[in-house]
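Counting from 1, one number per residue, gives the positions in the sequence shown under our numbering.
Hints listed in this document are in silico derivations from the structure and should not be mistaken for laboratory results. Nothing here was measured: the structure is a model prediction, and the numbers come from that model. Relax, there's no trap hidden among the hints.
Using C-beta positions, here's what the derived DEER-type ranges look like: (1) Arg195 with Pro89: 38 to 48 Å; (2) Met40 with Phe166: 14 to 24 Å; (3) Pro150 with Met1: 32 to 42 Å; (4) Ile14 with Glu144: 31 to 41 Å.
We put the beta carbon where it would ideally sit given N, CA and C, even for glycine.
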Amino acid sequence: MTWMLTNNGHVIDIRYINNERIDLRDIAKSLSLTYRYNGMTSRPISVAEHSLVVADIMEREMGITSPVVVLAALMHDAHEYITGDLSSPMKACIGPAWQAEETRIQKHVLRRFGLWSAFMTHHAQIHHADMYALSTERVQLMPEHDKEWPCVSSHPPLAWVDFSLFDNWTPATWEAAFIERFEQLHAAVQEANARIPAMTAGMVA
1 MTWMLTNNGH VIDIRYINNE RIDLRDIAKS LSLTYRYNGM TSRPISVAEH
51 SLVVADIMER EMGITSPVVV LAALMHDAHE YITGDLSSPM KACIGPAWQA
101 EETRIQKHVL RRFGLWSAFM THHAQIHHAD MYALSTERVQ LMPEHDKEWP
151 CVSSHPPLAW VDFSLFDNWT PATWEAAFIE RFEQLHAAVQ EANARIPAMT
201 AGMVA
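Let's have the full structure, built from the sequences with the hints guiding it.
Written out as structure tokens, the structure is:
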């Protein structure tokens, strides 16, 4: 069996993904209930919360203003609604086979929303934002330990990110926040795309 049933009633064959069955509502629901670090944190942090933080870091820390790039950052882990959030140590144990499958599924999900090109073009910046989020999560939500993570040195934790402000948020809150942020950015992308033909027509005229 290679298929899964989603919360909104879609059947997705993981081996042969039909992009039209990839539903934002399923993504938001799943990511809001998927906890990072196998739940080994002082309080649960979902993939949805992490994704929203990465989008904020792209804008506030890295100065990225393009809505399609920020949207690609928000959706950089959206494929985990299919794959789950496998820990980095487990990914390392499985090796290239996992990376190939994860990339294949990530490509389907991002293409569904027209974000694969933006993700690939700005992959380095999205990765840096991801690492800043990772190091900040490590310091604020995990215990001190003498075995340090390299990202804490390469991407120092961000003081303006305060996870304690969201201690009382529920999965339903994160689900709604993820959808709201997606819709805000998606509307901005559509507005920007609509301006391009008008500008082109003006130059031709």
